[in-house]
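Chains A and B, in that order, give the protein sequences. As numbered in my numbering, residues 5 to 261 make up the first sequence, in order. As numbered in my numbering, residues 3 to 330 make up the second sequence, in order.
The reader is advised that the hints may include incorrect statements.
[To be verified] Cross-link-like lysine-lysine pairs, in silico, DSS-like; alpha carbons within 25 Å at most: (1) B:K318 / B:K307; (2) B:K318 / A:K202; (3) B:K304 / A:K119; (4) A:K194 / B:K88; (5) B:K88 / A:K119; (6) A:K194 / A:K204; (7) B:K302 / A:K47; (8) A:K119 / B:K307; (9) B:K304 / B:K318; (10) B:K90 / A:K88; (11) A:K204 / A:K180; (12) A:K47 / B:K89; (13) B:K312 / A:K202; (14) A:K194 / B:K318; (15) B:K89 / A:K194; (16) B:K318 / B:K305.
No wet-lab data here; the hints were simulated from the structure.
The residues making up each chain are set out below.
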Amino acid sequence: MASSRNALGGSSSDSGSSGRSGSSNNGGGHAIEIKDLACGYGKNQVLHGVDFSADLSKITAIVGSNGSGKSTLLKALFGLCDVKSGSIQALGRDITHIPTHAILNYGISYMAQRKNVFQDLTLRENLAVVAGRQRADRAMDHFPELLPFLDRPAVTLSGGQRQLLAMAMILVHNPKIMLFDEPTAALSPKNADIIIEKIKNLNAEHDNCIVLVEQNVKYALRNCDKVYLLASGHVVYGGDPEPLLNDKDLASKYLGM
Amino acid sequence: MTIILFDGLIYASVLAVLCVGLSLTYKITSVPNFAHTSFAILGMYMALIMSKVLGMSVYLALPVAFAASGALALFMYYGIIRILQKKKSSLISLIIATLAFDMFMIGVLNIIADGIRNTYQVNSRDFTLRSLDIVIGGDGGLPLVFIVTMVLLAGLAFGLYYLLYRTSFGMSMRGAIENESLAQTLGINTRTIFCFAWFLSGGLAGMAGVLMSMWFQGDPSLAAIMLPSIFAGSIVGGFSSVYGAILGGLLVGISEVVGTSVLIDLLGYWVIPYRPVIPFIAMIVTLLVLPGGLIQLITKYKKRKNITMKKAEEEKEGSKEEEDGVGA
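Required output: the full structure, derived from the provided sequences and hints.
Structure follows, in structure tokens:
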């Protein structure tokens, strides 16, 4: 079992979680397993020797200050940055160097923080792009609140509605692993709650592995089973959210809490 | 008068087809392709080879030119543009690369022209295949090339609409043009889409070249002569819109032919060499008055409407939240 560097002392077991129900692995291993990952963009290396794992039926949050490498870690999982060394396994298969457009076939979906829908396309067209025209309508079953806007361009939607559409788009392929990059960014508290509730419901209903990058730390810790704290491209904590919340030094040093 | 009508409509339609291709590749790569006319001239020589060398119907050159010019455009995209973009070359470098490819192609087309003349004793410079065309209704009747050109333009306008707005592939294409990285994260193979668009753009130019050779004179130098007209058409319509390109191409083409004819009547034949001034004037006026082209008039209205709808939606959400807050 992989272990991650734990600033609270030694290593923390990846199996430790806050006790949400459901199976926690994929045939004995983790749904996602990253070992000694170094990656970045061109010559700029962002992550240095990162170990990370996440399991099915669990929500794993990645937190840290701006520039700590949270989003890069998520992008690395989806082939969106240059991996220099290390390995990435998803559902038991090596995806370290798989191109982005092919990663969906491995049961992984990614929702970007911004510009995550095609603004000029209508909602129906946005869904048809990822699902084909027939499946587009069925995808809306999970998002009845969007039904009145199907033939409107996505640019006319509010921030919350746009995030829901982005979720509908990545759900179309029934992914086993879903990666969310700050899904509540720039949303009102009420809309943020709706989005997080949707994510939790998905997790409960489909036993997916969800990895969530979140700027709002308290929000993330309240809703996840496991958390990774990143600083300057290194993992400084990986494990249950409770100890991180209670460690005042770590929380104030890295999270400004 | 009839000749001017045919001249104007055929030239304008061919120009519109060429403008569509130029705008399509510009939308995808954000690079104005200065070698676009060379795809059309290759089509012209395909028509010459098929008809005068191989003795076949000149209309059979349409699919051949589509394939040959499409393949050339694909080669240009894959062999030059994509490599330079991967190396993060600047826009200026990319533009110069397209100019260099244009010069290279003019050289190749001159070699082809000389090769045809020397090997088959066929006139391959300032040639026209008009005499090979079928005229419906006898002398003074309707030339087939006129009908084919109109059908091609109408088919292109309808076909593009169907492709872009009624098929998943076309919607993916619009999505990939708007946001390539998002398209990739959603599993869309943008490479296939961009290759298709470049092939289509080159293929259409090749077909336009075949039709040009059946009414006007063909020569390798035409690649440089027609370039300002194509750019003018795309700019007048709106450089990043394929429908704007059709509109702009038609307007510039008709202005060129009719404008020159009117000026000849007024001032005499000495004005003919100054014909390229017309597209330049159209280009300058558009850039000064309506930089986004004619299509800007429509997009401006649409944008305003979209902003109003978005604001209404956000206000509705805001008031709902306030109500909930009061309720709580």
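Decide if the proposed pair is consistent with the structure: K194 (chain A) and K204 (chain A), CA atoms, cutoff 25 Å inclusive. Distance of about 15 Å is within 25 Å: holds.
Hint check: K318 (chain B) vs K305 (chain B), CA-CA at most 25 Å. Holds or violated?
holds, 20 Å
**Prompt:** Holds or violated: are the alpha carbons of K88 (chain B) and K119 (chain A) at most 25 Å from each other?
**Reply:** holds, 22 Å
| query | Quick one, are K204 (chain A) and K180 (chain A) close enough, alpha carbons at most 25 Å? | reply | Between K204 (chain A) and K180 (chain A) the Cα gap is close to 14 Å, so the pair holds against 25 Å.
*Mind checking the alpha carbons of K194 (chain A) and K318 (chain B) for me, to see if they're no more than 25 Å apart?*
holds, 13 Å
*Between K318 (chain B) and K307 (chain B), does the CA-CA distance stay at or below 25 Å?*
It holds: about 17 Å lies between the C-alpha atoms, which stays within 25 Å.
Given the proposed pairing of K304 (chain B) with K119 (chain A), does the C-alpha separation stay at or below 25 Å? holds, 20 Å
Notebook entry, point to check: Straight-line Cα separation of K119 (chain A) and K307 (chain B) no greater than 25 Å?
Noted result: holds, 20 Å
Distance restraint between K89 (chain B) and K194 (chain A), which requires alpha-carbon spacing of 25 Å or less: Roughly 44 Å separates the two Cα atoms, so the pair is violated.
Point to revise | Hint consistency between K302 (chain B) and K47 (chain A) [alpha-carbon to alpha-carbon, up to 25 Å] | key: violated, 41 Å
Between K90 (chain B) and K88 (chain A), does the CA-CA distance stay at or below 25 Å? The hint holds at about 20 Å.
**Message:** Hinted pair, alpha-carbon criterion (25 Å max): K304 (chain B), K318 (chain B). Please report holds or violated.
**Reply:** holds, 21 Å
The earlier numbered hints that this structure contradicts are 4, 7 and 15.
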